[in-house]
Structure formats: structure tokens, C-alpha cells
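**Student:** Based on these hints, arrange chain B on the given structure of chain A.
Residue numbers (our numbering), protein chains in the order written: chain A, 1023 to 1242; chain B, 90 to 466.
Take these hints with a grain of salt, some might be off.
[What the hints assert, rightly or not] Straight-line C-alpha distance at most 30 Å; calculated BS3-like pairs for lysine-lysine:
#1 Lys331/B to Lys1084/A
#2 Lys1059/A to Lys387/B
#3 Lys149/B to Lys1240/A
#4 Lys1160/A to Lys331/B
#5 Lys1089/A to Lys377/B
#6 Lys380/B to Lys332/B
#7 Lys1122/A to Lys332/B
#8 Lys1240/A to Lys393/B
#9 Lys1238/A to Lys393/B
#10 Lys332/B to Lys1089/A
#11 Lys1160/A to Lys380/B
#12 Lys149/B to Lys1114/A
#13 Lys1235/A to Lys349/B
#14 Lys149/B to Lys1113/A
#15 Lys1122/A to Lys331/B
#16 Lys332/B to Lys349/B
#17 Lys1059/A to Lys389/B
#18 Lys1059/A to Lys393/B
#19 Lys1113/A to Lys1084/A
#20 Lys389/B to Lys1238/A
#21 Lys149/B to Lys1084/A
#22 Lys1160/A to Lys332/B
#23 Lys393/B to Lys1235/A
#24 Lys332/B to Lys1093/A
#25 Lys349/B to Lys1122/A
#26 Lys1238/A to Lys377/B
#27 Lys349/B to Lys1160/A
#28 Lys149/B to Lys1235/A
Think of the hints as simulated: they come from the structure by calculation, not from any bench.
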Amino acid sequence: MSSGTEKDEVKDIAEEHPANSENTTSSDSMSKDEAKKFYEEKGLDLSPDVPVKPKPIPEFEKSLADKISSKFGDKIHVDYIRSDRIRVTSKKENIVDVAKFIRDELRYDHAESVSGVDYPDANEIEVVYHLGSYTDEKLGRQILALATRVPREDIPNPGSDRTRMSSLRDVFYSVEFHERECFEMFGVYFEGHPDMRRLLLPEDWADIPPFRKDFKIKGR
Amino acid sequence: MTTQLPPGMHIETVDEKIMTLNVGPQHPGSGHMRLIIKVDGDYIVSCDPDPGYVHRGEEKMAEYRNYIQNIPHLERPVIHDSSNILYPYCLGVEELLGIEVPERAKYIRVIAAELNRCIYILYWLAIYGIFLGHSTMFMWPAGDRELFIDLLEAMSGARVTHAYLVPGGVRNDLPSNFEERCLRQVAYFEKRLKEYEAIFYQNPLLKARTEGSGILSRTDAIRLGTTGSVLRASGVDFDVRKKEPYDVYENLDFQTIVMKEGDSYARSRVPYLEMFESCRIIKDALKKMPKSGSVRTKLKPNPKGGNDEVYRRVESGRGAIGYYIVSNNRPEPYRVKISVGSFRNLICMPYLLKGEKLGNMPAVYWGLNYWPVEADR
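Looking at chain A on its own, in the form it has when it is part of the complex:
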């Protein structure tokens, strides 16, 4: 095995980048040709960051997407992200109906995660449920992302402002702790959740919800 030589070749390239070395201030200060020469010397590929490949929707994902869009029509939007991953975006008013349909007709039976994503520019917070299935063999590979957006207040007051939506706890029991985490970290109040308390944060936390974009880490 050629361990010695391999190791030298795969040194972390980020260290050799001009932006990180002492002589140049940033990569923007290089002209395009200089940058091209620099990268070619290092044997680096200059193709765009993400290769644009047309992605045909596989049949199984398409049948799932068709089923759900035939039921709800314009109320929802179904995206195909990549194989085994489809994403359903719904208005927050319809989310419980959509979730019930996904559980009863498409046979997804549990939530893997509930993530909040803060979009301060759009003044919205997105809540994404990643749903999976243990009972249906065919769905073993699939993860369905059910997303909705709630309004966001500049000065949050978790629990009593407009940042709220219906809880999916009665549809998917497994979201109980995930929704509590989303509540404390993003200030999204879930109506109908039986136990909407903080989970990870200390009881006396008196700042804004920490995972919002306007909460900055010190020194960064």
C-alpha cells in the first residue's frame, strides 16, 4: 500500500488558498486569469460549484407526489429534491389536514426531525418536518419533508405573538420533544401541544430564541 505518498498529496487544500496565506488579502483581489492560473497549478477543477444535471423524477416518487397533489391541488406545492426525497410545502392553515393525509393514505408513520429555519429577509420562519415510515417496506428509503412557514416578529415574544402554528403532535406522536425544541430555539408556538415548555434551554433564559439569525455568537 502506498500510504506515504498518498498522505502528502491529500493535504488540506484550504491552507494553500491565497485567501488564507499571508501575502494576499483575499481571493477577490486576484484577477480572473491569475486565479485561473493559481487553480490550474494546484490541479483544481474550475467547474461550477454544483453540477447542473436535469433530474428526471423516478416513478415511485412521482406516484407519491401525484397522490398528494391530486388531493390538495393548489393548496400545496410538491418539489422533488433528489431521489427518495420529496418536499411538500403547505400553508400553515392546512398543515394538519395534509399531515393526516400523509399518515393515513401515504402511510408515513413517524417524524425523524422537526427543524426550524429562520428567514429574516422574508420575515418568516420555516418549520420542516422530516417524515419516515417503519411499517411500509417500499417507503424505507423515503423521507418526506413537510414544510410550512409562519410569520416572524422582529421583537419576539414566544407564546404570545403571531409566530404560531397548529401542532402535529396529535397526528405524529413522535414530534412531541422536537416541537418543544423548535419552540425554545425559534419561538414558534405550537397550538394544541399539551406540554409547550422549554426543553434544552435553562428556565431563566431571558434572551431572544437563540437559533434565530439575529442572535449572534460572541466574537463572530
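**Tutor:** Below, chain B alone, put in the same frame as chain A:
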């Protein structure tokens, strides 16, 4: 008398008969978390898990660092299973940036992940043993774990926090005598594992404490969205390595361990039996691995993801770990959400501990294969 309480605080009414106990967050029996337990005599009436003592905001930190800088701190939640918690991150970033991984690197990653799974399970087994009062079961796994640590040290250079898996492959190639060393260790370990069976799993005291206690039915395991050994001990055949094989797992020969009982004994036994399967995977991967070739795809400096999102998951020692990464044309991810097995299994704790004897709490608690630091992230 009305007093203004800070948000989150409340006044609790005290019952004469019911006593409230705070188990943790520094009690060795609970790890770094608090369980607020109400007991009536010797029986637990209710349990309210209160994690967060070691919350470090890994997800927030990831938004401030680029895709490569994120590698070492994202493994910190479970340093004794560091390859497996980095695995989905690497898979996700590769998908976002469109990176192809060399074939040899895929096999090395699988070997690192399986060695790390053994390290994790042995660590867990040691703690499980000592909290059930079986100190031999603390010494043996803790000693055997060292041999796996030595192997990973030879691979990566670090004993515990390897940061060995990187987007694009692995950090460095295997040392020249690795295959022989690894096979020798695995052969020894497979013999050794059988002794665990005799001294621990056939022990009547262990059986008396764990059999029939904390039963989680198949329906509840699915409904509560549990994962990993907890799910498989309740009779659900689900393993991400089988259901959604990543890298080269589909070429490798192993099977999923499923038990029907759903009690603490089954939950303690499933990870143990999985170590045999890990050994099989390691041997098979060493056989099928390309003997030479590149182990890491070069990345551009400061790679940027498009306006994209990705959700990737792998099977770790504690269940499925999923990474949800949102990118927005920047070198840093816009949002990283880590959905870990421990956090998903935490929801069972109030259900399983209710009606249990207080003395049986460690058996149920550690049987859930729960690691507080990972749950808090």
C-alpha cells in the same frame, strides 16, 4: 400572596405521599441530564426528562464556519462514536457540492464507522454493566475497547476525536500493515464476545432485573418514532444500513438484529449482537476493498453549495442520525439540523419509567442507549 415569577418558573404543590427527586444532572446514574422523578414509596409515578445541561449549540456554531471547518466540532456530541456522527454530514455535503468519493475511501469509511460502532457499544456496555452492579462487565469492555481505539489511532492519528471522515473521502490512507492488524484484532474480539455472553447475558441477576421490565410494544416503538436498538428490540426490522444503504453497505454481507420482546433485556442484547455483525462487515470490507488508489477527492478552497437542501442519514450506535443541511450560495451552511438517535429515543423515558421501581431506573435508562451529550448537541 401573588408573586411575579420569571418565565418558565412555576410553584409546585407538594403532596404528602409523593416525593419529587431530582436525579442528575451530575448524578453518575443519569449522565449529564436531569430526570425529575416523582416516587410513591418505591415506585415511580411520573418522570419528566430535562435535558440541556450540556447543550453547546453545535447547530448554531455550524452556521458560522465553512463546510470544512465544521468537521471537527460536529463530532463533539459523541466523541466515542465520532465517525458515525460525521458520516451523514460528509454524505450530505458531498451531495450538496457534487463530490464523487473514490471507491477505496468508501470502504475505509465503512471500516472506520464499524470500528467506531464497536468502540461506542463497548463503552456503553461498560457503563451499563457498572450501573447494574456488575463490575467485571465494566472492566472487560473498557479493556477490549482500547484495542479498537489503537486501530483507529493507527488509521487517523487520534485516539478518540478522529475527525477522520471528511467530505470527499477520508483524511489519510491506511498504514501498510493495517489489514493484518485489524483481522487479528477482530478474530480475537469475536472469541472474546462469546465470554461476555456467559458472564453477563446468562447471569441470573441481570435477567431478574431486566427481563420483563420497561416493555415497549411494537406499536408504541413506531408511534413514538424511536430508532436504533430500541426500535429493533421491539420487533421492527429497520436499519438504515439495510433500508437506505450508503456508500458500500449494499455490497457487504451482514444482517439486522431484531428481537421481539421489547423489554430492557432485549434492548441490552441487541447492541451486543450487533457487534458480531460489525465484525463481519469489517472482515468483508477488508476483503472487497481495492488495495490501492486515492482516498480523498480534492475540494476547491471554500466550496459553496447552491440554493439547495439535503437530508442524509446513517445508522449509528444509537440509531439513525440525520443531517438536514440548507445552503444558500455561501461557503457556510445556512442551517444545519442534527437529528440524533438519543434525542429521538428520549421520548420513551417517561413511558417506560412510569410504574417501574426506582431501583430499576438505571436498567431502563441505560438500556435506552441514550447519550445525553448527543441529545443536547
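**Student:** Now tell me if each hint is right for this structure.
**Tutor:** Each hint tested on the structure:
With a CA separation close to 23 Å, the supplied pair lysine 331/B and lysine 1084/A stays within the 30 Å bound. Distance check on the hinted pair: lysine 1059/A and lysine 387/B sit about 17 Å apart at the alpha-carbon level, within 30 Å; holds. Between lysine 149/B and lysine 1240/A the alpha-carbon distance is near 12 Å, which keeps this suggested pair within the 30 Å criterion. Simply put, lysine 1160/A and lysine 331/B have alpha-carbon atoms about 13 Å apart, close enough for the 30 Å limit, and the pair holds.
Note on lysine 1089/A and lysine 377/B: the hinted pairing is violated, with a Cα-Cα distance of about 42 Å set against a maximum of 30 Å. Between lysine 380/B and lysine 332/B the CA atoms are separated by roughly 28 Å; this keeps the pair inside 30 Å, and the hint holds. In summary, the hint linking lysine 1122/A to lysine 332/B is supported, as the alpha carbons are separated by about 25 Å, within the 30 Å threshold. Taken as a hint, the lysine 1240/A and lysine 393/B pair is honoured in the structure, with Cα atoms around 24 Å apart against an allowance of 30 Å.
Only pairs whose Cα atoms come within 30 Å are accepted, and lysine 1238/A paired with lysine 393/B is accepted, the gap being roughly 22 Å. Among the hinted pairs, lysine 332/B with lysine 1089/A is consistent with the structure: their alpha-carbon atoms are about 23 Å apart, no more than 30 Å. Simply put, lysine 1160/A and lysine 380/B have alpha-carbon atoms about 36 Å apart, too far for the 30 Å limit, and the pair is violated. Note on lysine 149/B and lysine 1114/A: the hinted pairing holds, with a Cα-Cα distance of about 25 Å set against a maximum of 30 Å.
Taken as a hint, the lysine 1235/A and lysine 349/B pair is broken in the structure, with Cα atoms around 45 Å apart against an allowance of 30 Å. Straight-line distance between C-alpha atoms of lysine 149/B and lysine 1113/A comes to about 27 Å, which keeps the hinted pair within the 30 Å bound. Restraint check: the Cα-Cα separation between lysine 1122/A and lysine 331/B comes to about 28 Å, which is no more than 30 Å; the hinted pair holds. For a cut-off of 30 Å, the pair hint linking lysine 332/B to lysine 349/B stands: about 19 Å separates their Cα positions.
Of the pairs offered as hints, the one joining lysine 1059/A and lysine 389/B holds, with about 14 Å between alpha carbons and a cut-off of 30 Å not exceeded. For the proposed pair lysine 1059/A and lysine 393/B, the alpha carbon gap of about 20 Å is at most 30 Å, so the pair holds. Restraint check for lysine 1113/A and lysine 1084/A: the C-alpha separation of about 22 Å stays at or below 30 Å, so the hint holds. Between the alpha carbons of lysine 389/B and lysine 1238/A the distance comes to roughly 28 Å, so the proposed pair stays at or under 30 Å and holds.
Distance restraint check for lysine 149/B and lysine 1084/A: the Cα-Cα separation of roughly 35 Å exceeds the 30 Å cut-off, and the hinted pair is therefore not satisfied. As the CA atoms of lysine 1160/A and lysine 332/B are separated by approximately 9 Å, the hinted pair is consistent with the 30 Å bound. Note on lysine 393/B and lysine 1235/A: the hinted pairing holds, with a Cα-Cα distance of about 20 Å set against a maximum of 30 Å. Distance check on the hinted pair: lysine 332/B and lysine 1093/A sit about 29 Å apart at the alpha-carbon level, within 30 Å; holds.
In summary, the hint linking lysine 349/B to lysine 1122/A is supported, as the alpha carbons are separated by about 29 Å, within the 30 Å threshold. Our distance criterion of 30 Å between C-alpha atoms is broken by lysine 1238/A and lysine 377/B, whose separation comes to about 48 Å. Between lysine 349/B and lysine 1160/A, the direct Cα distance comes to roughly 22 Å. Compliance with the 30 Å bound is thereby established for this hinted pair. A hinted pair counts as satisfied when its Cα atoms are at most 30 Å apart, and lysine 149/B with lysine 1235/A qualifies at roughly 9 Å.
Hint check: violations occur at hints 5, 11, 13, 21 and 26; the rest are consistent with the structure.
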